[in-house]
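For this one, chain S is given, so just place chain H on it according to the hints.
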Amino acid sequence: MSNRYEKLAARIDERFGEQMTRVESICGEVTYEVDRDDLHDVATALRNEAEFGFEMLMDVCGVDYLTYGADEWTTASATGTGFSRGVEREPVILDEADEFDPRRFAVVYHLLSLQHNFRMRLRAFTGTDNPPMIRSVVDIWNGANWFEREAFDLYGILFVGHPDLRRILTDYGFVGHPFRKDFPLIGNVEVSYDAEKGRVAYQPVSIEPRTLVPRVIRDDNRYSDDLKDRIDG
Amino acid sequence: MAEIQSYTMNFGPQHPAAHGVLRLVLEMEGEVIQRADPHVGLLHRGTEKLAESKPFNQTIGYMDRLDYVSMMCNEHAYVMAIEKLLGVKVPIRAQYIRVMFDEITRILNHLMWLGAHGLDIGAMTMFLYCFREREDLMDTYEAVSGTRMHATYYRPGGVYRDLPDSMPKYQESKFRSKKDVDRLNAIREGSLLDFIEAFTDRFPGCVDEYETLLTDNRIWKQRTVNIGVVTPDRAMQLGFSGPMIRGSGVEWDLRKKQPYEVYDQVDFDIPVGVNGDCYDRYLVRVEELRQSNRIIRQCIDWLRANPGPVMVEDNKVVAPSRVEMKDDMESLIHHFKLFTEGYSVPEGEAYAAVEHPKGEFGIYILSDGANKPYRVKIRAPGFAHLSAMSEMVEGHMLADVVAVIGTQDIVFGEVDR
Chain S
1 MSNRYEKLAA RIDERFGEQM TRVESICGEV TYEVDRDDLH DVATALRNEA EFGFEMLMDV
61 CGVDYLTYGA DEWTTASATG TGFSRGVERE PVILDEADEF DPRRFAVVYH LLSLQHNFRM
121 RLRAFTGTDN PPMIRSVVDI WNGANWFERE AFDLYGILFV GHPDLRRILT DYGFVGHPFR
181 KDFPLIGNVE VSYDAEKGRV AYQPVSIEPR TLVPRVIRDD NRYSDDLKDR IDG
Chain H
1 MAEIQSYTMN FGPQHPAAHG VLRLVLEMEG EVIQRADPHV GLLHRGTEKL AESKPFNQTI
61 GYMDRLDYVS MMCNEHAYVM AIEKLLGVKV PIRAQYIRVM FDEITRILNH LMWLGAHGLD
121 IGAMTMFLYC FREREDLMDT YEAVSGTRMH ATYYRPGGVY RDLPDSMPKY QESKFRSKKD
181 VDRLNAIREG SLLDFIEAFT DRFPGCVDEY ETLLTDNRIW KQRTVNIGVV TPDRAMQLGF
241 SGPMIRGSGV EWDLRKKQPY EVYDQVDFDI PVGVNGDCYD RYLVRVEELR QSNRIIRQCI
301 DWLRANPGPV MVEDNKVVAP SRVEMKDDME SLIHHFKLFT EGYSVPEGEA YAAVEHPKGE
361 FGIYILSDGA NKPYRVKIRA PGFAHLSAMS EMVEGHMLAD VVAVIGTQDI VFGEVDR
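Same order as they appear, the protein sequences are chains S and H. Sequential numbering from 1 applies to the first sequence in my numbering. Sequential numbering from 1 applies to the second sequence in my numbering.
Next comes chain S alone, as it looks inside the complex:
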């Protein structure tokens, strides 16, 4: 990582201390995790204090960590018994629990400072609330408006204090939050024109989900830390 970004990280550590936790990056980016209760204060400070000066918010996006690290195909332990190419699909169960895993939904902010030419990333997990909830940053960066609407639409994350939290990308009257990992890729309903009723009608999807390429996590030792150390050292 370049020296400039190390200095930025050092300044952030010094200023915010416990409020922000540094996340290791494999490609030299500055990423911090921040508690959702601190988010608004931290964001205000990052924007207003001259030494940070993040006057632009480039992107806000939701992430659903439900199936993080899950693969569809055993690799390392399967050599003894053999494995087929078939992917057994477990039926998608809608997660209707009262409480979510506290590390299930996150909102990721990408900040940009024009005056210092820095970028950084903030991540805040939304806690156990169902629906997930977080403070809106629209009052800090007005450009966050539509990005937060999008995260609400696709992940069902509620942004407290947002002036106009409506769906934005999905259809009028859409049910569900399509980018959640428990929402099937093929969707739940399909539409067609019904000549008898003389209007467009919704019905349950008639296609089968299928997997063309299974999701595989390979333990690639080229990226392992001790090998990298040996090459670098």
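To be clear, the hints were calculated from the coordinates, so they are not data collected in a lab. Among the clues, some could well be false.
Below are the BS3-like pairs computed for lysine-lysine, each with C-alpha atoms no more than 25 angstroms apart in a straight line [to be verified]:
| no. | chain 1 | residue 1 | chain 2 | residue 2 |
| --- | --- | --- | --- | --- |
| 1 | H | 89 | H | 54 |
| 2 | H | 256 | S | 7 |
| 3 | H | 49 | S | 181 |
Part of the chain H face toward chain S, derived, beta carbon under 10 angstroms [to be verified]:
| no. | residue |
| --- | --- |
| 4 | 46 |
| 5 | 49 |
| 6 | 237 |
| 7 | 239 |
| 8 | 341 |
| 9 | 343 |
| 10 | 344 |
| 11 | 349 |
| 12 | 371 |
| 13 | 375 |
| 14 | 386 |
| 15 | 387 |
Ideal Cβ placement from N, Cα and C applies to all residues, glycine included.
Chain H only, in chain S's frame:
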């Protein structure tokens, strides 16, 4: 005197001036806009969700279909994000080819914008002129990738193949006489680089032609000067980027400020506006046409002098050549693994942004170590720009809405994703 009442008007989603499927709900007081509420998402295809279910390379083609008038720039951000995660260093020749095609793409995009923007506010001829030049650039896409639009040319590790030595040629048919074919093929005799060079020779003249039609045109100025003014502070607040923020006088261009590929090796200037109105943004984009032309010239000279590989030779990421695959066991295994399973990307996250013709186009990839991304987020510049629509048209007349849509350079492929 008749009492003027405020009312709500629906604009689109099928309106020729909406540049795609934009539905605007306008609250009006007479002919003056009080508030605009854009409804987007009519072209939402869930590109990001689809990407989560596909190996990394299969999503490159979807990137072309986002902003479908600047295809290769979209690909560029995507492959850069993957390269960042993989730690792959792209060969220098591939970097020059990418820069050259990024700039060709910028010209393609700005010509489309200029033509459509002109047409929207009454300059019919522009559309015809711009499409004449676009046609030649489409041919360069075809020569290098086989398709005129959806190229899938950039790959993680470089570009798919080196520049071809010959151009595709027109053939005689019952619709096209021998004389026509000879005329069209005259500039297509040499290599692709010759063809592009010939283009860059005549293109500044074409831009002069556009400028004589518009820059001092009384009607053009009446429609654009002082329309949709955005102050530098508001532009930053609203997350503007590209010509939209430069038109407001903020000197910010990723090609200069955070150079990627070989943008620090080429010489060019960033045009900046003063007033932040539609006219300044027009001037900025027209000057960008000239600057892009300049960059392309420099890339051509470099590419002629420096042959070399255009793809990394790491077969864990890039498929081996067909010939190798046929007579080398290891290459065959690599080929098989890459095309059935793809490559796994180390666990981590990366955000790669390019100076797309419309602004900052960023790709955020979150990987959990699998052969498919865990989450892909596309940061589309048009999305941020369109969200400021209401603010930009407030207090303007209905006809100015069209000028503002034009100046924002909206393409719904990227706004709706």
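Here's how the hints hold up against the structure:
no.	hint	result
1	H:89 - H:54	holds, 24 angstroms
2	H:256 - S:7	holds, 22 angstroms
3	H:49 - S:181	holds, 9 angstroms
4	46	holds, 7 angstroms
5	49	holds, 6 angstroms
6	237	holds, 5 angstroms
7	239	holds, 3 angstroms
8	341	holds, 6 angstroms
9	343	holds, 8 angstroms
10	344	holds, 4 angstroms
11	349	holds, 7 angstroms
12	371	holds, 5 angstroms
13	375	holds, 5 angstroms
14	386	holds, 8 angstroms
15	387	holds, 4 angstroms
Hint compliance for this structure: no hint is broken.
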